[in-house]
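Colleague: For chain A, the structure is supplied; the task is to place chain B with the ligands on it using the hints.
If you want the building blocks of each chain, they are given just below.
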Amino acid sequence: MEKTFVPRITSFLCTWCSYTGADLAGTGRMQYPTAIIPIKVMCSSRVDPVFILKAYLKGSDGVFLGGCHPGDCHYEVGNYHTRRRFAIVKKIFESLGLEAERLRLSWISASEGPKFARVANEFTEKIIEMGENEAKKKIFL
Amino acid sequence: MNDFAALGAKIKAADGPGEAIKAFLRQAVEKKVADAVLVPVKVPAGNSYAWILVTDMSILDDASPVAPVMPVQGAKALKSLTRKGHGELTVMAVMRPCEIRATFELLKLNQVNLEKVVLVSYDCPGAIPFRDYVKDPGFGEKNFQAVMAAGGPAEKNVKPACVICDEFSRVDSDIHFGWFGESGSSVLVIPSSDRGVEVLGSMGMECSDDIAGWKKTISGLKEKKTGKRTATLTETAKTIQGLDGLLGTFSECIGCHNCMAVCPICYCRQCYFDSEVAKKTPDFILETAKKRGGLAFPSDRVMFHTGRMTHMSLSCVSCGMCTDACPVDIHVAEVFSYMADITQPAFEYTAGRNDGVPLPLRKYEEKEVPQVHEIVKEAEGEEAAHE
Ligand code: SF4
Ligand code: SF4
Ligand code: FES
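Those protein sequence lines, which keep their order, are chains A and B.
Sequential numbering of the first sequence, starting at 1, is according to this note's numbering.
Sequential numbering of the second sequence, starting at 142, is according to this note's numbering.
Since the hints were made in silico from the structure, they are not lab data.
Any given hint could turn out to be false.
To be verified - Pairs of lysine-lysine, PhoX-like flavour, derived with a Cα cap of 20 angstroms: (1) K54(A) to K421(B); (2) K431(B) to K421(B); (3) K421(B) to K136(A); (4) K249(B) to K225(B); (5) K257(B) to K276(B); (6) K363(B) to K297(B); (7) K54(A) to K420(B); (8) K58(A) to K138(A); (9) K431(B) to K3(A); (10) K297(B) to K365(B); (11) K431(B) to K136(A); (12) K432(B) to K3(A); (13) K432(B) to K54(A); (14) K420(B) to K58(A); (15) K58(A) to K431(B); (16) K432(B) to K58(A); (17) K421(B) to K138(A); (18) K431(B) to K54(A); (19) K126(A) to K3(A); (20) K518(B) to K126(A); (21) K40(A) to K58(A); (22) K136(A) to K432(B); (23) K257(B) to K225(B); (24) K508(B) to K518(B); (25) K257(B) to K220(B); (26) K138(A) to K432(B); (27) K356(B) to K153(B); (28) K153(B) to K183(B); (29) K257(B) to K172(B); (30) K257(B) to K183(B); (31) K518(B) to K115(A); (32) K421(B) to K58(A); (33) K54(A) to K138(A); (34) K432(B) to K421(B); (35) K126(A) to K136(A); (36) K249(B) to K220(B); (37) K138(A) to K431(B); (38) K137(A) to K431(B); (39) K137(A) to K421(B).
Bound-form chain B, shown alone:
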């Protein structure tokens, strides 16, 4: 996110950023800049959170804009809501930065419609691994309170993806709530797009507070996290080298495809790997087994994971949903984040931006970007020789 605004509105937040966001949402609906809000609300059983499109603001009392867990990636919720276009209502959606970034990837894939959506983000400390939380929600809540109290991006007790996340703050949302490094009793409401400026204007919020201090805090924290990400992913890289490395990494994989089902980017109604064409004839299977001397079932796990890398690593936002959903604790998100950090720069692309730049595999350059050119130049070199 570039410097959109140098100013924000400092508002009181005696009961923490979550309550401040709720007060803001109530005000937005009162002032009629939004008709409904999309926020996580604790389920009646008290052991999870669900995305609720709130139209009756009294429900907001039970909402947790900054929820401890991410059972469903927010971009997916927004997709269910706007897949068929927008309606009459303007919706204010409060989501984590990674959820907003995934939303922009889905926007480029025509899976969401943001015409009547105001995206609200906040400084995210991380989320508790969902399975830990489900095992003992009381403990999970306590854990998350501690995470929030620390007032910065957490280093432990959160999802592994959060531990190495360096996009925990302002993204290309419309309005951002900055609170890391602010005194416990206030938060900064920061307009981050034209729409954000307009919304805050209509709400009569005056943005006259300097945000330079907050920005400095964030860039300091960011630097630390980037270092952590690089170090962790360098280790990940070592574990997945060669066919044996890949087989080792995914040796416990039970082929449930949960990692794909929860991924906000994997939007295809029918994945190739679940389709009929991916199924093989008995003759082919026997032939393969004969050649190798044997064949494991289910087979093709490495193909599934590497195939997904080719299809979606360019859009991976490192949200960690895949790891959260893996029943056998494979660090899927680290593997995909490692790959994303290689494929995205190769195409000079950064996932998660509202920059109008098409996805790399949906466009081309006649004169290719350097890393692509480097790879295809063998073929192009022949070309020159042939002329």
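This is chain A alone, in the form it adopts within the complex:
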């Protein structure tokens, strides 16, 4: 019997917006994939580039980063910093020939339950298409 691939997508969600948005999706009984493994952070800017690298190198099939819309961060400018942190990781992935498409940033407000469900589904589908993260098999990593 062929095993279906259920990816693991490490998802950093800020407590004020994206996590609440995800919660809303849940209470609204909207389906989003079990692949999403939410990790609550106070602000998306809490996510150091190394968190993203670590998730990837430890074998997460995708890494998702969710924050408030620009201008709406609970800490006012946190997500502006997030943009830059996310950009440098992406840049480094691209320059090293790593699969930058496994990283995804999205702005989801506390009231955007449907958007969370949609983005989560889209990203999961894309990761399923891409297949497993090869880092999972590297014993020397």
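Modeller: Okay, now just chain B with the ligands, sitting in the frame of chain A:
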């Protein structure tokens, strides 16, 4: 460095630029524009150089402002000296261009205080790899004499980082000693900042010599070196592609973290990668090993190196200390320079300038610079659709 001055002071240098700099330092102290100088001095054992804060000028006799090796990055020495602020003394520090550039990165990170420091740079021919030198200091000295005699940025016998360095001349120092392309018997003392102008003025040095010829020489040499840098780093890029490329590049890495310890930019008292939080529980390790079928120890070498790229490539000045310190000859500096050449332009930033521009990860733009925008626009695009 922009054209600060079109004029400099041509001074005699019959015994080479190093001696000319020493004479200048003596004069600076005599004229009381400096109270002490920070320069490399050969250690008593004769097999290395150390940064000495010289207050008794007779010690200068043994100093080598243009030393053959870089055992400690000058910016680090200056950091030890001024980490807690400045004192009463004005210090004149003579450093290589890459050391001065690292100093400005540290200035932006509040790790040095330049209030009472006069930075002196010089046309740098390169430095001898430290391990080569230590193996046979006599041979190292001879090698360096040959490098100096060639009168330009060296192409061999110096550190790999120096071979591809295109920032070997004037940087944002206060005073620069230009000697590439000058006749063997003279050097140009060039004021490169307001402070530099003031210092030379107080020393009674008249800057009335045209430096256009020297500038032309430098830009010609620079162009050649930039070409060399690009060509070398293009090759480096090919070797580090994908997880396998990275694993291959760092396959000999013994995880000593020397590369980080000697890096002038890595100033953190405790690096994340050496911290308790980076250590894993036995269950987690076993779980990982089980999933993969096995796990190498020490693990996480690729994470360490790529993690450092995210943390400091924006400030890397390509000084080559990391390669110099690597016990297994990994070309760390080339990897980091390759990355620096990508990340710095992406944020429209150039490391090593005294330009007051904050480090890219310490600032943001509401409307981001094009390369950052390009990356985050997927998220911003949704934004537009959502409105
Ligand atoms: S990474 Fe290497 S080349 Fe870059 S600043 Fe640090 S020691 Fe110098
Ligand atoms: S100095 Fe060399 S061996 Fe040591 S951690 Fe750095 S790359 Fe690895
Ligand atoms: S609190 Fe949501 S991004 Fe800062």
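Colleague: Would you mind marking each hint as holding or not holding in the structure?
Modeller: Tested hints:
no. : hint               : verdict
1   : K54(A) to K421(B)  : 12 angstroms, holds
2   : K431(B) to K421(B) : 15 angstroms, holds
3   : K421(B) to K136(A) : 17 angstroms, holds
4   : K249(B) to K225(B) : 15 angstroms, holds
5   : K257(B) to K276(B) : 38 angstroms, violated
6   : K363(B) to K297(B) : 16 angstroms, holds
7   : K54(A) to K420(B)  : 13 angstroms, holds
8   : K58(A) to K138(A)  : 9 angstroms, holds
9   : K431(B) to K3(A)   : 18 angstroms, holds
10  : K297(B) to K365(B) : 14 angstroms, holds
11  : K431(B) to K136(A) : 11 angstroms, holds
12  : K432(B) to K3(A)   : 16 angstroms, holds
13  : K432(B) to K54(A)  : 16 angstroms, holds
14  : K420(B) to K58(A)  : 14 angstroms, holds
15  : K58(A) to K431(B)  : 13 angstroms, holds
16  : K432(B) to K58(A)  : 10 angstroms, holds
17  : K421(B) to K138(A) : 18 angstroms, holds
18  : K431(B) to K54(A)  : 18 angstroms, holds
19  : K126(A) to K3(A)   : 18 angstroms, holds
20  : K518(B) to K126(A) : 18 angstroms, holds
21  : K40(A) to K58(A)   : 19 angstroms, holds
22  : K136(A) to K432(B) : 7 angstroms, holds
23  : K257(B) to K225(B) : 13 angstroms, holds
24  : K508(B) to K518(B) : 11 angstroms, holds
25  : K257(B) to K220(B) : 13 angstroms, holds
26  : K138(A) to K432(B) : 10 angstroms, holds
27  : K356(B) to K153(B) : 19 angstroms, holds
28  : K153(B) to K183(B) : 25 angstroms, violated
29  : K257(B) to K172(B) : 16 angstroms, holds
30  : K257(B) to K183(B) : 25 angstroms, violated
31  : K518(B) to K115(A) : 17 angstroms, holds
32  : K421(B) to K58(A)  : 12 angstroms, holds
33  : K54(A) to K138(A)  : 14 angstroms, holds
34  : K432(B) to K421(B) : 16 angstroms, holds
35  : K126(A) to K136(A) : 18 angstroms, holds
36  : K249(B) to K220(B) : 12 angstroms, holds
37  : K138(A) to K431(B) : 12 angstroms, holds
38  : K137(A) to K431(B) : 10 angstroms, holds
39  : K137(A) to K421(B) : 19 angstroms, holds
Consistency note: the structure conflicts with the earlier hints numbered 5, 28, 30.
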